[in-house]
Amino acid sequence: MAAFEIAGHAFDSRLIIGTGGFRSLEAMATAIEASGAEMATVAMRRVDASARGSVLDIVRDSGCIVLPNTAGCFTARDAVTTARLAREALETDWVKLEVIGDDRTLLPDAAELLEAAETLVDEGFTVLPYTSDDPVLAARLEDAGCAAVMPLGSPIGSGMGIANPYNLRLILERSRVPVILDAGIGTASDATVAMELGCAGILLASAISRAEDPGRMARAMRLAVEAGLLAREAGRIPRRLYAEASSPVEGTADLA
Amino acid sequence: MTKSYDVVVVGGGVVGLAAAWRARRRGLSVLVVERGRVGDGASGVAAGMLAPVTEADFGEDRAIALNLAGLERWPAFAAELSERSGVDTGYRRSGALVVAADRDDAEVLRRVAGLQRSLGLEASWLTGREARRLEPGLSPRVPGALEAPAEGYVDPPGVVAGLRAALLAEGGELREQTTVERLELADGGAHLEGMVLGDGASVRAEHVVLAAGAWSGGLAGLPPGEAPPIRPVKGQILSLRAGDRSLPAERLIRTLRCYVVSRTDGRVVIGATTEERGFDVRVTAEGIYRLLEAAREVLPDVDELEFVSARAGLRPGTPDNAPVVGRGEVDGLVWATGHGRNGVLLAPITAEALAALVCGEEPPEELASYGPDRFPARAVGAGRP
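Listed in order, the protein sequences are those of chains G and C.
Everything in the first sequence is counted per our numbering, starting at -4 for the first residue and increasing by one.
Everything in the second sequence is counted per our numbering, starting at 617 for the first residue and increasing by one.
Read the hints as simulated data drawn from the structure, not as lab findings.
Positions of the beta carbon are idealized from the N, C-alpha and C atoms, including for glycine.
Among the hints, erroneous ones may be present.
[What the hints assert, rightly or not] Covered stretches of chain G, as calculated for chain C (at least 3 residues, CB under 8 Å): (1) 15 to 24; (2) 47 to 53.
[Said to hold, decoys possible] Some chain G residues close to chain C (C-beta under 10 Å, calculated; not the full set): (3) Arg41; (4) Val42; (5) Gly67; (6) Thr70; (7) Arg205; (8) Gly210.
[Said to hold, decoys possible] Stretch by stretch, here's where chain G covers chain C in the computed footprint (C-beta under 8 Å, at least three residues): (9) 618 to 632; (10) 666 to 675; (11) 840 to 853; (12) 935 to 941.
Given the sequences, and given the hints that come with them, work out the whole structure.
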């Protein structure tokens, strides 16, 4: 499978795994391993970076890069502060930027998100923003200097898949930075569809962490992402109204 | 002068005290060393839920069997403890409802109901109307609930007071406000001899039981690699009072975001957050807000309660969420920690296991495979504050 790059960093795996919602650290470690992910995102508002034996250590032990995120932030100021603290604590200037606008849907706050993205890019961060599937907002984030755009398929943890594939296509059409589908994946086929549509990668958490068997679902997601990418690269056949026999008639023996 | 004991227990929480009491009942000489007051740690912020059925989750079949065995021990344990100590443990088989706050919750709970059925657990699905017939204080918006009739709760401060009284009445010793300076090893570190206490006193012990909760791995003198991966898992909990108003509910009420224990004496406990924040024990506005929000969503009467206190404590967590009960690498050392959210539930069966272990016997079958040796040698956790 072809490697892909974010901000000059090459990844073999196109699956980024979230660490929220696991029943135990052991289940998390098993799932990370099975997913083949090379990067895992951790909510900096919800962990103490100096605590030993906790989420961050599990991620590091798995060999994954820690991608701090600003989950739980409701204002640009809060998100920027959280990103700065994460940079200090983890010595990384990468951040998954999340600014939530509504408690119930956890949808992004577009205005605050753009402002926070501009501030953080200005401060030298590599910003990966979690955004709505609005093509204009995605373009504005790209223009602001974000290293990727990460539109949702549907709300966080909803498992509703890609609610508006048309919008996602519009974003994919014009984006020059990697487009990573972030949030909404419910099962493996959702991830495959996103990759077939042209996403550079998938970020998901709940679909794995809240599955009945997270380890098995992590492997399913790994294969699904690979399958979607391979299918896209292989080039699917056109859709037709009528059948076309898979064995051609020309060149067969004339037995008349 | 160095005193000698058959068993020295480090940690005066429910697990440590119950273990000491059980060992004493078997005729062993026992000392409990507690750095604060008994029940100051995780026991002091526990709600005392005995809820193995509603706690059941996917992929944790082994834990469910253990938790059920834990529940089974409680009625007899509570009765014996009350009789010996004269203290009321607050044990009550109230039954429990896991309540859906909305239709999304109901979907999640129906999946859990399927799991419970497949495991043969005693639980049934109720419509919103049926649930409100049992608990009229539930919000009319509740679309359904899971009922687990065998569950209930105890009053952890009562249990701690009872264990303290029973232990002392039967000749066990207790030293509160006493830290452990260091453990002392002999035979090149292969054998645990005793310990030096914070006041300089030296005690010898045939067996040392480490029941110091989240702090168990940080004791000075432990050989490298001995400590299992124990980490602190923060929990915030609210205490309220019903006064002369009626209690919000009769049963233990849980949702996917909180639980509410309504004691017959009018005290109400709402818990608990689960946070990965190292040894931090600050009470936060968000913690209080989230718990109240989650509780009043299903029990609107919570608004009328008198607010008493908000506290935070540290549960001892392990990577697989299961306790560590068993002999250590070092001869004479026995581990009893890592009970996470189930310390109160598992205290009687853990005490039974520890009494067996220090007498050279095997622990109850359900706790037989929870020794520290199940973790790889390189300890991940074991932080110190």
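Results of checking the hints against the structure:
1. 15 to 24: Our answer is that it holds, as 6 residues pass the Cβ test (under 8 Å) against chain C, meeting three.
2. 47 to 53: holds (count 6)
3. Arg41: 7 Å, holds
4. Val42: 5 Å, holds
5. Gly67: Result: holds, 9 Å to nearest chain C Cβ.
6. Thr70: With Cβ-Cβ at 14 Å, over 10 Å, it is violated.
7. Arg205: With a minimum Cβ separation of about 8 Å from chain C (threshold 10 Å), the hint on Arg205/G holds.
8. Gly210: Given a least distance of 9 Å, the restraint on Gly210/G holds.
9. 618 to 632: violated (count 0)
10. 666 to 675: holds (count 3)
11. 840 to 853: Since 4 is at least three, the answer is holds.
12. 935 to 941: holds (count 3)
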